Amino acid sequence: MSSQFTPNNPLPQEAKVPQEIAVFSPEVEAEMDRHLAKYPVKRSAILPLMFIVQRERGGYLDPPGVAYLADRLGVRITDIWEVATFYSMINTEPVGKYHLQVCKTLSCKIMGAGRVTAKCTERLGIKPGQTTEDGMFSLSEVECLGSCGTAPMMQIGFDYYENLTDEKVDEIINKCQGGELSNGVR
Amino acid sequence: MFIGAIGCEPLQLRRVLLDNSASLEVYRANGGYEALQKVLNGMSPDDVIGEVKKSALRGRGGAGFPTGMKWGFVPKDSPKPKYVVCNADESEPGTFKDRYLMERDPHMLIEGMLIAAYALGARTNYVYTRGEYRYLIEIMDVALAEARAAGLLGEKILGTDFNCEIYTHTGAGAYICGEETALLNSLEGLRGHPRMKPPFPAVAGLYGCPTVVNNVETLTAVPDIIKMGGEAYQKLGTEKSGGTKVWSVSGHVNRPGVYELPMGYDDMEKFILEDCQGILGGKQLKAVIPGGSSVYIMPAADIVGKDVRMDYEGLVAAGSSVGSGGFIVMDETVDIFESTKNLTEFYKHESCGWCTPCREGTDWLVKVFKRIESGEGRPDDAQLLLDIVDNIEGKSFCPLGDAASWPIQSAIKKFPEDFRRKVLNGNGHVKDGLPTA
Ligand SMILES: Cc1cc2nc3c(=O)[nH]c(=O)nc-3n(C[C@H](O)[C@H](O)[C@H](O)COP(=O)(O)O)c2cc1C
Ligand code: SF4
Ligand code: FES
Numbered sequence: 001m002s003s004q005f006t007p008n009n010p011l012p013q014e015a016k017v018p019q020e021i022a023v024f025s026p027e028v029e030a031e032m033d034r035h036l037a038k039y040p041v042k043r044s045a046i047l048p049l050m051f052i053v054q055r056e057r058g059g060y061l062d063p064p065g066v067a068y069l070a071d072r073l074g075v076r077i078t079d080i081w082e083v084a085t086f087y088s089m090i091n092t093e094p095v096g097k098y099h100l101q102v103c104k105t106l107s108c109k110i111m112g113a114g115r116v117t118a119k120c121t122e123r124l125g126i127k128p129g130q131t132t133e134d135g136m137f138s139l140s141e142v143e144c145l146g147s148c149g150t151a152p153m154m155q156i157g158f159d160y161y162e163n164l165t166d167e168k169v170d171e172i173i174n175k176c177q178g179g180e181l182s183n184g185v186r
Numbered sequence: 001m002f003i004g005a006i007g008c009e010p011l012q013l014r015r016v017l018l019d020n021s022a023s024l025e026v027y028r029a030n031g032g033y034e035a036l037q038k039v040l041n042g043m044s045p046d047d048v049i050g051e052v053k054k055s056a057l058r059g060r061g062g063a064g065f066p067t068g069m070k071w072g073f074v075p076k077d078s079p080k081p082k083y084v085v086c087n088a089d090e091s092e093p094g095t096f097k098d099r100y101l102m103e104r105d106p107h108m109l110i111e112g113m114l115i116a117a118y119a120l121g122a123r124t125n126y127v128y129t130r131g132e133y134r135y136l137i138e139i140m141d142v143a144l145a146e147a148r149a150a151g152l153l154g155e156k157i158l159g160t161d162f163n164c165e166i167y168t169h170t171g172a173g174a175y176i177c178g179e180e181t182a183l184l185n186s187l188e189g190l191r192g193h194p195r196m197k198p199p200f201p202a203v204a205g206l207y208g209c210p211t212v213v214n215n216v217e218t219l220t221a222v223p224d225i226i227k228m229g230g231e232a233y234q235k236l237g238t239e240k241s242g243g244t245k246v247w248s249v250s251g252h253v254n255r256p257g258v259y260e261l262p263m264g265y266d267d268m269e270k271f272i273l274e275d276c277q278g279i280l281g282g283k284q285l286k287a288v289i290p291g292g293s294s295v296y297i298m299p300a301a302d303i304v305g306k307d308v309r310m311d312y313e314g315l316v317a318a319g320s321s322v323g324s325g326g327f328i329v330m331d332e333t334v335d336i337f338e339s340t341k342n343l344t345e346f347y348k349h350e351s352c353g354w355c356t357p358c359r360e361g362t363d364w365l366v367k368v369f370k371r372i373e374s375g376e377g378r379p380d381d382a383q384l385l386l387d388i389v390d391n392i393e394g395k396s397f398c399p400l401g402d403a404a405s406w407p408i409q410s411a412i413k414k415f416p417e418d419f420r421r422k423v424l425n426g427n428g429h430v431k432d433g434l435p436t437a
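From first to last, the protein sequence lines stand for chains Z and V.
Residue numbering for the first sequence follows our numbering, beginning at 1 and increasing consecutively.
Residue numbering for the second sequence follows our numbering, beginning at 1 and increasing consecutively.
It cannot be assumed that every hint is accurate.
Cut-off 20 Å, straight-line C-alpha distance, at most; resulting in silico cross-link-like pairs (SDA-like, lysine to any residue) [claimed, not checked]:
hint : chain 1 : residue 1 : chain 2 : residue 2
1    : Z       : 38        : V       : 188
2    : V       : 348       : V       : 366
3    : V       : 348       : V       : 387
4    : V       : 53        : V       : 228
5    : Z       : 42        : V       : 207
6    : V       : 235       : V       : 7
7    : Z       : 97        : Z       : 57
8    : V       : 413       : V       : 424
9    : Z       : 38        : V       : 165
10   : Z       : 42        : V       : 167
11   : Z       : 42        : V       : 124
12   : V       : 53        : V       : 73
13   : Z       : 38        : V       : 121
14   : Z       : 42        : V       : 123
15   : Z       : 38        : V       : 145
16   : V       : 413       : V       : 379
17   : Z       : 38        : V       : 137
18   : V       : 227       : V       : 40
19   : V       : 348       : Z       : 89
20   : Z       : 42        : Z       : 70
21   : V       : 367       : V       : 380
22   : Z       : 38        : V       : 167
23   : Z       : 38        : V       : 149
24   : V       : 348       : Z       : 88
25   : V       : 413       : V       : 366
26   : Z       : 38        : V       : 207
27   : Z       : 38        : V       : 162
28   : V       : 367       : V       : 418
29   : Z       : 97        : Z       : 180
30   : Z       : 42        : V       : 165
31   : V       : 80        : Z       : 40
32   : V       : 53        : V       : 227
33   : V       : 53        : V       : 63
34   : V       : 235       : V       : 266
35   : V       : 227       : V       : 47
36   : Z       : 38        : V       : 141
37   : Z       : 42        : V       : 81
38   : Z       : 97        : Z       : 126
Calculated from the structure, these hints are not laboratory results.
Being a predicted model, the structure only gives us computed values, none of them experimental.
Build the full structure now, drawing on both the sequences and the hints.
Have a look at this one:
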């Protein structure tokens, strides 16, 4: 069996902090059902459902979204936080509409990742880990995204932008600012 | 970026350049699902496992474990359901081949998984894909729907009694979830901490049931093994490592890309200088990390004029290993202190925090690297790094701790001058505690 850590004193049900629970449209509910149907155990759908909740709740897991997931999956609220805080793609705080994630690992580094980050900082006035005041852009440095052969690269939402140059970064940011580019969230 | 085969007929990369290569139609028009048909037309599960054993196929996820042997460990008499899980987490720095295999030829993976599921008696199976590869999950979902509509998935596949389902699953940004037991925890909806082995997944894996976890490239080799026979597949490679291997080439080469080579391709120098068209900007080769970030770094002197054979045995003899086949090439401008610091930061970030040696050790390593970089290096800092590593390697709960250790050990051993320069630049000490080159 799994070597899952089971606390000696599980939280009693009544210790669940009562709070607002998020509500989703029937389409979104149906989308979640399709994921739940894949597994013999509901909890297995936790990551796919988290991505949906985060997309629907403005880019991150807010407490009502967490309460919803606990309820939907039949687990405790702490179980949701426990998982959410482990995975770097699950946001527990708001992020900008466009989340620029620049790969900083070796192949990208030696091919100019530093320049890409610097260019983003120069254009947006934010450092990695920050969000612009208008909430439009967040900048992060992330680890290898499997695009090492087309380095340097970044991901915006789920979309890949590869073989980056200063000009390409400029063009991408211009398009974001003009609202002509998808933020890659889906 | 190049994608294709060198030194052999393309096998895994046979269809990747065709128009619409991801479609069922193109797959079928080019020999697709013939292997599944052959299996269902009269091969027993044991026949299938036998062919895979004969093929000398070794797992392509990094550890190189013989696939047929792994399949053989699954208990036949277990009343529990069995699972085949495809490891498409592909997060080892420098590795991107699984991405192109799934993007360009998703049905090859589906067919490989179906055959594995048939051989192992699995009904429900999952493709665990790293969360960042969302577009690949979308491609796989389209391919799975096509296969389902064509009677290749679901009940009574191709009119036989074989029933099988394959579902995609998403990770969410955690390198450790590529480790097979962490992957299973993650698939169960838990944090991605590794599990104690034994029991091995073949006995108690997903939901405590017998489970085989295989890499994408391992599973996509299966249809060809069945079609040509295990022996013929083995002959494409060497006696102990059969078939072909798909390498991901990145860094300072003129033609990075995804290269399929026969196992035992005989010369790494030629591969870099001719096949990958040499070093970018006409510079000199300094080092190669041939198998993803976790393997030993090789200095140019161990490659040039050395006839390094590109297979499991050849690379071990040359002082490194095949790993995931993530081939990172570095030119003379790269400082190996810096590159090693970069990788150590990766491991620190990706340590899952479960066990103390790796969680604390990787943090200490990064602190020492940063101190040296800031000019505060101390004469015995390289030895300090080696001492910390000594407390991680072999003393951690899972192999990530070892993976964090090896790059540092080999970098200090093979490039002492890069470490010495950093330490000395810092404070002008004369004695530095480093081995001389
Ligand atoms: C830290 C760590 C990360 C790993 N990452 C991957 C990965 O991304 N993809 C993969 O196929 N195997 C990965 N592995 C290897 C798997 O644990 C396992 O050996 C492999 O999936 C088995 O499949 P194979 O026999 O087909 O190679 C990783 C192992 C470790 C220790
Ligand atoms: S070695 Fe590292 S990654 Fe593996 S269990 Fe320990 S802390 Fe987690
Ligand atoms: S190192 Fe940047 S994508 Fe792999």
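Hint by hint, here is what the structure shows:
1. For the hint pairing residue 38/Z with residue 188/V, the CA-to-CA distance comes to about 12 Å; that is within 20 Å, so the pair holds.
2. With a C-alpha separation of about 7 Å, the suggested pair residue 348/V and residue 366/V falls inside the 20 Å cut-off, and the hint holds.
3. Taking the CA atoms of residue 348/V and residue 387/V, the gap is near 17 Å; set against the 20 Å cutoff, the hint holds.
4. For a cut-off of 20 Å, the pair hint linking residue 53/V to residue 228/V stands: about 14 Å separates their Cα positions.
5. Between residue 42/Z and residue 207/V the CA atoms are separated by roughly 12 Å; this keeps the pair inside 20 Å, and the hint holds.
6. Under the criterion of a C-alpha separation no larger than 20 Å, the hint pairing residue 235/V with residue 7/V is consistent with the structure, at around 14 Å.
7. With a CA separation close to 12 Å, the supplied pair residue 97/Z and residue 57/Z stays within the 20 Å bound.
8. Proposed proximity of residue 413/V and residue 424/V is supported: the alpha carbons are some 17 Å apart, at most 20 Å.
9. At roughly 9 Å between alpha-carbon atoms, residue 38/Z and residue 165/V fall within 20 Å of each other, so this suggested pair holds.
10. This hinted pair checks out: residue 42/Z and residue 167/V have alpha carbons roughly 15 Å apart, not beyond 20 Å.
11. For the given pair, residue 42/Z sits about 15 Å from residue 124/V by alpha-carbon distance, which is consistent with the 20 Å threshold.
12. The hinted pair formed by residue 53/V and residue 73/V meets the criterion: a straight-line CA distance of about 12 Å does not exceed 20 Å.
13. Of the supplied pair hints, the one linking residue 38/Z and residue 121/V holds, its CA atoms being roughly 18 Å apart against a limit of 20 Å.
14. Using a Cα cut-off of 20 Å, the hinted pair residue 42/Z and residue 123/V holds, with the two alpha carbons roughly 18 Å apart.
15. Taking the CA atoms of residue 38/Z and residue 145/V, the gap is about 14 Å. The hint holds against a cut of 20 Å.
16. Simply put, residue 413/V and residue 379/V have alpha-carbon atoms about 16 Å apart, close enough for the 20 Å limit, and the pair holds.
17. Proposed proximity of residue 38/Z and residue 137/V is supported: the alpha carbons are some 14 Å apart, at most 20 Å.
18. A hinted pair counts as satisfied when its Cα atoms are at most 20 Å apart, and residue 227/V with residue 40/V qualifies at roughly 12 Å.
19. Distance hint between residue 348/V and residue 89/Z is fulfilled; the C-alpha atoms sit about 17 Å from each other, no more than 20 Å.
20. Distance restraint check for residue 42/Z and residue 70/Z: the Cα-Cα separation of roughly 11 Å lies within the 20 Å cut-off, and the hinted pair is therefore satisfied.
21. For the hint pairing residue 367/V with residue 380/V, the CA-to-CA distance comes to about 15 Å; that is within 20 Å, so the pair holds.
22. About 7 Å separates the Cα atoms of residue 38/Z and residue 167/V, which keeps this hinted pair within 20 Å; it holds.
23. Restraint check: the Cα-Cα separation between residue 38/Z and residue 149/V comes to about 18 Å, which is no more than 20 Å; the hinted pair holds.
24. Among the hinted pairs, residue 348/V with residue 88/Z is consistent with the structure: their alpha-carbon atoms are about 14 Å apart, no more than 20 Å.
25. Distance hint between residue 413/V and residue 366/V is fulfilled; the C-alpha atoms sit about 18 Å from each other, no more than 20 Å.
26. Distance hint between residue 38/Z and residue 207/V is fulfilled; the C-alpha atoms sit about 14 Å from each other, no more than 20 Å.
27. For the given pair, residue 38/Z sits about 19 Å from residue 162/V by alpha-carbon distance, which is consistent with the 20 Å threshold.
28. Of the pairs offered as hints, the one joining residue 367/V and residue 418/V holds, with about 18 Å between alpha carbons and a cut-off of 20 Å not exceeded.
29. Between residue 97/Z and residue 180/Z the CA atoms are separated by roughly 13 Å; this keeps the pair inside 20 Å, and the hint holds.
30. With a C-alpha separation of about 18 Å, the suggested pairing of residue 42/Z with residue 165/V holds against the 20 Å cut-off.
31. For a cut-off of 20 Å, the pair hint linking residue 80/V to residue 40/Z stands: about 13 Å separates their Cα positions.
32. For the hint linking residue 53/V to residue 227/V, the alpha-carbon distance of about 14 Å falls within 20 Å, and the restraint holds.
33. Restraint check for residue 53/V and residue 63/V: satisfied, since their Cα atoms lie roughly 17 Å apart, inside the 20 Å limit.
34. For a cut-off of 20 Å, the pair hint linking residue 235/V to residue 266/V stands: about 15 Å separates their Cα positions.
35. For the proposed pair residue 227/V and residue 47/V, the alpha carbon gap of about 13 Å is at most 20 Å, so the pair holds.
36. With a C-alpha separation of about 13 Å, the suggested pair residue 38/Z and residue 141/V falls inside the 20 Å cut-off, and the hint holds.
37. Among the hinted pairs, residue 42/Z with residue 81/V is consistent with the structure: their alpha-carbon atoms are about 17 Å apart, no more than 20 Å.
38. The suggested pairing of residue 97/Z with residue 126/Z holds, with an alpha-carbon distance near 14 Å, which does not exceed 20 Å.
Every hint, counting from the list given before, is met by this structure.
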